[in-house]
Amino acid sequence: MFSVVAKTDIGQKRSVNEDAYYVDPGKGIFIVADGMGGHKSGARASKLCIAAIMEYLGSVPLEEVDEQHLERAIRISN
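Its first residue numbered 1, the sequence shown is counted upward by one per residue in our numbering.
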């Protein structure tokens, strides 16, 4: 058993944090998406990235998720 904490920090240069994360300790899923600080629609892009990964992983039975599935999910999200 373990505890999970997730936090993002805007730092000293930005006024908005565009990063996103998803945490599901029960399934062992931890995703961090960089919002590309200052690029147009960076916050939207990081959220869409996580949504795309979760949509793909949701189509694969949890016990079948392996490195190839994770790589495919990341490629799809980009």
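Read the hints as simulated data drawn from the structure, not as lab findings. Careful, some of the hints might be misleading.
Said to hold, decoys possible - Subject to a maximum C-alpha distance of 16 Å in a straight line, what follows is the list of computed EDC-like cross-link-like pairs (lysine to aspartate or glutamate):
| id | residue 1 | residue 2 |
| --- | --- | --- |
| 1 | K7 | D24 |
| 2 | K40 | D19 |
| 3 | K47 | E64 |
| 4 | K40 | D24 |
Claimed, not checked - What follows is a list of derived Cβ distance ranges for each label pair:
| id | residue 1 | residue 2 | range |
| --- | --- | --- | --- |
| 5 | S59 | S15 | 34 to 40 Å |
| 6 | E55 | K13 | 30 to 36 Å |
| 7 | G28 | I76 | 31 to 37 Å |
| 8 | L62 | N17 | 17 to 23 Å |
| 9 | G58 | Q12 | 17 to 23 Å |
| 10 | E55 | D9 | 23 to 29 Å |
| 11 | E55 | P25 | 16 to 22 Å |
| 12 | K13 | I50 | 20 to 26 Å |
| 13 | I76 | Y21 | 17 to 23 Å |
| 14 | H69 | P25 | 29 to 35 Å |
| 15 | G26 | R72 | 32 to 38 Å |
| 16 | N78 | G58 | 28 to 34 Å |
| 17 | N78 | D24 | 17 to 23 Å |
| 18 | L48 | D24 | 28 to 34 Å |
Since the model is a prediction, treat every value here as computed from it, not as a measurement. Ideal placement from N, C-alpha and C gives every residue a C-beta, glycine not left out.
What hint numbers does the structure not satisfy?
Hints 3, 4, 7, 8, 9, 14, 15, 16, 18 not satisfied by this model.
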